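Trainee: Go by the hints and put chain R onto chain G.
These protein sequence lines map, in sequence, to chains G and R.
Numbering of the first sequence is given in our numbering, commencing with residue 1 and proceeding in unit increments.
Numbering of the second sequence is given in our numbering, commencing with residue 1 and proceeding in unit increments.
Any given hint could turn out to be false.
[Unchecked claim] Think about it this way: if two alpha-carbon atoms lie no more than 27 Å apart in a straight line, the pair counts; the simulated DSSO-like pairs of lysine-lysine are:
hint, chain 1, residue 1, chain 2, residue 2
1, R, Lys69, R, Lys17
2, G, Lys3, R, Lys65
3, R, Lys17, G, Lys3
4, G, Lys3, G, Lys105
In short, the hints are calculated from the structure, not lab data.
Remember, it's a predicted structure, so these values are computed and weren't measured experimentally.
Listed below are the residues making up each chain.
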Amino acid sequence: DAKTTQPPSMDCAEGRAANLPCNHSTISGNEYVYWYRQIHSQGPQYIIHGLKNNETNEMASLIITEDRKSSTLILPHATLRDTAVYYCIVTNDMRFGAGTRLTVKP
Amino acid sequence: EAQVTQNPRYLITVTGKKLTVTCSQNMNHEYMSWYRQDPGLGLRQIYYSMNVEVTDKGDVPEGYKVSRKEKRNFPLILESPSPNQTSLYFCASSIQHGELFFGEGSRLTVL
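For reference, chain G alone in the conformation it holds in the complex (with noise of 0.2 Å):
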């Protein structure tokens, strides 16, 4: 099984900012974190990425606890063209669950 857990969905209102929880909770001390989404059937993309501090860009922010045992990815102002699945994976593993399933309602 994969390292980490993730809820299967999730609902946002557009405009307003969705924060998507993972639990990595036996993470090693030099994996990473990294999230990708996909859309509908295609490859899944990468969001960003983060080691221990909070990190941010045009996407995306990610959020790691002090601990590291779990993270949220904050999509501040999520349109509909955010509705996709999430996925956080560690990188010592390489493995995904299932995501979460977004869905941006209108």
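Mentor: Positioned in the frame of chain G, the structure of chain R alone reads:
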């Protein structure tokens, strides 16, 4: 353009007829991996390769073979396909522990 290329993109075949899905990357990545995706089950890893001539089983390797004779290529071989191998397959590559780059997927139907 940096990319991972899979072929064929779509294939309908019959039980027992050997087939190969090719995967090629042009980024000089050490790591390559195959996943299958079935409804409600997310992406499940079939095989992966840390470098040339190094391959390892993932979570669902039964019925599949792989080889890594060159750095850029990582073909997935189904020696005797069965209907339960009907699925959407993705190949991916990365530098060690880096961002994964995915191919566009290969949709396989085994009758």
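Trainee: State for each hint whether it applies.
Mentor: Going through the hints against the structure:
1. Lys69(R) x Lys17(R): 24 Å, holds
2. Lys3(G) x Lys65(R): Given pair lysine 3(G), lysine 65(R) holds - Cα atoms ~25 Å apart, limit 27 Å.
3. Lys17(R) x Lys3(G): 35 Å, violated
4. Lys3(G) x Lys105(G): 30 Å, violated
In this structure, the hints that do not hold are numbers 3, 4, in rising order.
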